[in-house]
Structures are given as C-alpha cells and as structure tokens.
Amino acid sequence: MAPIKIGLVGLSANGSWASRAHLGYLGKTDRYTITALQNSSEASAKKAVEKYDLPPSVSTYGDIDSLAADKDVDLVAISVKVPDHYGLAKAALEANKSVFVEWPLAASLGQAEELTALARLRGGSGVRTLVGLQARQDPSIVKAREMVASGALGDILGTTMLGSGMRFGAQMSAAFAYSLPIENGANLVTIPASHALDALCFVLGEFASLSATLANHRPTVSLVDGDGKVVVDSLPKTAHDYLAVTGVLAGHHSANAVANVVYQASTSATGKNFYWEINGTKGSLVLEAAGGHPQIWHPSLKFVEAAAATDPGALQDVPGVPVPDGPSYNVGVAWDAFAGHGPGSVVTFEDALVRHKMIDAIYKSNESGKRESYL
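With the sequence shown counted from 1, adding 18 to any position gets you this note's numbering.
Rather than coming from a laboratory, the hints here were simulated on the basis of the structure.
Being a predicted model, the structure only gives us computed values, none of them experimental.
Do not rely on the hints blindly, as some may be mistaken.
Straight line, CA to CA, 30 Å or less: simulated BS3-like cross-link-like pairs of lysine-lysine [to be verified]: (1) 161 / 46; (2) 247 / 69; (3) 23 / 89; (4) 23 / 46; (5) 247 / 300; (6) 99 / 247; (7) 247 / 320; (8) 89 / 69; (9) 388 / 375; (10) 388 / 320.
Could you build all of it, start to finish, from the sequences and the hints given here?
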C-alpha cells in the first residue's frame, strides 16, 4: 500500500510538539511520508525542512489554502495553537483532505460541531478524521479497559482521579500566554483535565450526569521566558485553574458507579501529579504517572484483589504492560491505527465532539450549580 502523504502544519525549527511527538514516529515509518509543510511563513517552513533534514522535495507554504490545494497531500495534520485549529481544519476539509487535529479539536463546542458536521458531509469523498486524544493508546490505559471489560474487577463501584496540569500556575511561559483567555479554549479544563477524563471514559464509560465546581484562583499571572526570567509582571487570566467533577457513570461495566475527578494547576506539593484508582467488588486498579497528562507521561498499572486489600504488599504491577519512553509512542500507535495497522483505536471528530459536549456540561454545571448531562 502506498504511504499516506501528509501536509504537516506547525513543525517549527525552534522546537514544537510536532517535532517531539509526531516527527519521532513519522520519520521512522513507511506508512506515511511528509510531502509538505506549512508554518507562519514559507521561510519558516523551509527552515524546518533544513532543521529536521527532510527531503528537498517537501513543498513549503505560508498559508493553509496553498497547502490544502497541493495534490501531493492526502492528509493535513494540524499541530498548532488551539485558537487556530478551526480555521485550518475547515480549509482542509473544504479541500476534501483528510484531517488530523491535536486535541482540543476547536476552541469551543460550536466550532467543534461545525467541523464535525463538515467532516461528515465530506466523508462521501473519502475524507477521514483523527484527533489527538492519544491517552487511549497508552498500554496501561488499554489494559485497564480490558480488565474492566473482562470482569477482573467485578462490578465497578467508583473511581477517583487526582491530577496536576503541570502549567497554569502563578507563572506561565510567555509562549503559552494565549491560554489565559478562556475563550481561546486552551486551559486546564480543556487540555490536561480533558485528556484524563477522556481516558477515564474510554476505560469506564461516559458520565450519565455530572456536577462541576471550577475556580480561577489566580486571575492575574506573570509571564516568564525560556530562562525563567519574568518578562510580564501581571497579565489577566479568565481561564480556570482548579476543577472538581463528580458524577455517575453510564458504562456497561460501570453503570451507577461514582466518579470523582480533581485537577489543579502547576504541580502537586505531595508528588501526586497523576493518581487514578478504580474500585470494583473483586479488586482495584491504580494508575500513577509523574505528570498529569496521561497522554504524555505513561502511567504505571497496579492491581490488588479486594480480599487482599489490607495487605500493604498486595498491590502489584500488572504483568506484561510496558511503560514506554517518550511522547511519540502513543502518537505512533494512533497513526498506525489510522493506517489500518496495530492494536490502537482511531479517535475521530465524532469522538472529539462527545468530549467537547462534556466540557460544555462542566462549564454549565459550574455556572448553574445543577447536574448536567451531555449524552
């Protein structure tokens, strides 16, 4: 089968998520080939070609319309700031290109609904979609889903998840200043917490209903450069920096189970940057990671039988579950699945829309003080 030809948006010569995660996989596979780059300018795209030693045949562009019109591009992969996702993805879909978009799909539910509807309309022309909710590909999370489905935990009673956003604290990198306004859709709720909530729902099923409490404890923050030097003393922030969600699950194996999720800004003073416990009548699972982004920091997976819960040594690693190194592993499994290979799953715009509806329910519940449903 001929490789899928990718037009990649956002591969910066100065370093980027695309270079750390996607290039680590795409540069080693024969299932894909990068045929074009688009950055903020054609000159910037050319610098990236040189920096990453890409073939000189790779076309370079400074605008999405030119990239989308390239007949040597099958799929447009968008790895840029969240506020830019909508315009780039829309242009690619209108050109009948398949599209990959980093999570979040868009800055708002309305934008996500429009992109999903357009992708559905273009599906008859062979357009396919993929979204970067790659925690679903992590070996520990996949194994946890299998164990829940097999009945190894018995009936699921409840689950508790604690996480840290690793950013969004009192100081922010100037490169992420765009995340401060809530309308840009790139904050604690939409990125780390939603990646983790997507993993929870992938393993246990969606929320039948939920209640949420959000807070913006730091309405102003300072910005620092790459060396940690303060470059802006005070800048307003309207995005939330603390999240608490509780609800009842609707999954086949977890109906009526109670879920509690708490996410905070920055890092945990106790070192619990990601701790997830799933409790069942036969046993419990514990997933832990060094950072609160389970799509990046690969969690460990441990199990304890309910009858042995009082034994401190009874919690043991689940055998045969690798803990990969680096962020490109989960991304690579997702790309493999899109190409029809490997054990991974394809997360489409339709799947991402469900998560955007969940985020909208979280915001509505926080505002109204009432339980909300999104299914």
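Do the hints match the structure? See the list:
no., hint, in the structure
1, 161 / 46, "26 Å, holds"
2, 247 / 69, "27 Å, holds"
3, 23 / 89, "10 Å, holds"
4, 23 / 46, "14 Å, holds"
5, 247 / 300, "52 Å, violated"
6, 99 / 247, "23 Å, holds"
7, 247 / 320, "40 Å, violated"
8, 89 / 69, "25 Å, holds"
9, 388 / 375, "16 Å, holds"
10, 388 / 320, "35 Å, violated"
When held up to the earlier numbered hints, the structure conflicts with 5, 7 and 10 and fits the remainder.
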